[in-house]
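Using this note's numbering, you'd call the opening residue of the sequence shown number 19 and step up by one each time.
Fair warning: there could be bad hints in the mix.
[Claimed, not checked] No more than 25 Å apart at the CA atoms, straight line, and that leaves these computed lysine-lysine pairs for PhoX-like: (1) K220 <-> K172; (2) K220 <-> K190; (3) K48 <-> K115; (4) K172 <-> K190; (5) K220 <-> K181; (6) K115 <-> K172; (7) K220 <-> K166; (8) K190 <-> K166.
No lab work stands behind these hints, which were simulated from the structure alone.
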Amino acid sequence: MGSVSAAVLAVASPSALAQTETPSSPLRPKALKLFPDTPRGVLGTPLPGAEFVETQQRLLFVVDFDKSVAGTQIDVAIVSVRSAGGLEQVIFSSSDKILPDGRLPVELRLPRNWPVGFYEVRLGVNERLIASLPYRVRPTAPRNTPIKANGDIKIVRVSDDGKEMLLVPNPKPNLRNLNFLLDTTGSNTDGANVTWSLTALKTSAGSNIAVGSNTIENWPLENTRLTFDVDLPRDWPSGQYRVDVRIGSQLLSALQFEIAP
19 MGSVSAAVLA
29 VASPSALAQT
39 ETPSSPLRPK
49 ALKLFPDTPR
59 GVLGTPLPGA
69 EFVETQQRLL
79 FVVDFDKSVA
89 GTQIDVAIVS
99 VRSAGGLEQV
109 IFSSSDKILP
119 DGRLPVELRL
129 PRNWPVGFYE
139 VRLGVNERLI
149 ASLPYRVRPT
159 APRNTPIKAN
169 GDIKIVRVSD
179 DGKEMLLVPN
189 PKPNLRNLNF
199 LLDTTGSNTD
209 GANVTWSLTA
219 LKTSAGSNIA
229 VGSNTIENWP
239 LENTRLTFDV
249 DLPRDWPSGQ
259 YRVDVRIGSQ
269 LLSALQFEIA
279 P
């Protein structure tokens, strides 16, 4: 029942992570190339592997296609899959045509270091996902300081315009989607296991019932906002609940709350 909140991917459903083009399809990308930030840009020498260092603020990519699909309009979304900046967040989207030589250049910039972690370049045509190409942003050196809660776990909902999170101090039974968040300080750029769990302590439907849980493994953390969503297909039973979040086996924070009419 528990699930980590996911952003809606501009080119396809975020659950459709598998590459959908067959190996023989000319729309199947041949390669994703990453480039250092030099005056030559994407005409320079590619980086080895699929990693940027966090201090490269201008990210340069080229996706190679077969020349036969030159001129095809491609939707591009850069997604933070699991990074210090969050989970399943679309951080950049654009649409452009494949060049005559089969290349599709992509450039994006951040005016600060990039959050370390795991990302994907997701490509689509006519709202259909054709490929998810992974890359990583690595730290200049590993950082590991104690992860601590920065405040309490909050229950929130998305505003009607979808632009902000609003506090829900007294959740009602008909709020079928519960969204929890916790801001943290500290770092583990090598990655940690983050586990959320929700328990019905004493409710009209029973007591000490495990409602939902979710574990995100190998999550690079650094002053990261942790999030957790739980959906119920009907109204919530009234009563007392508890949600908690752990880093590995360590209890990071817990919140006991009431759902009442």
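For each hint, the structure was consulted:
For the hint linking K220 to K172, the alpha-carbon distance of about 20 Å falls within 25 Å, and the restraint holds. With a CA separation close to 16 Å, the supplied pair K220 and K190 stays within the 25 Å bound. Simply put, K48 and K115 have alpha-carbon atoms about 16 Å apart, close enough for the 25 Å limit, and the pair holds. A hinted pair counts as satisfied when its Cα atoms are at most 25 Å apart, and K172 with K190 qualifies at roughly 15 Å.
With a C-alpha separation of about 34 Å, the suggested pair K220 and K181 falls outside the 25 Å cut-off, and the hint is violated. Note on K115 and K172: the hinted pairing is violated, with a Cα-Cα distance of about 43 Å set against a maximum of 25 Å. The straight-line distance between the Cα atoms of K220 and K166 is roughly 29 Å, outside the 25 Å bound, and the hint therefore fails. This hinted pair does not check out: K190 and K166 have alpha carbons roughly 30 Å apart, beyond 25 Å.
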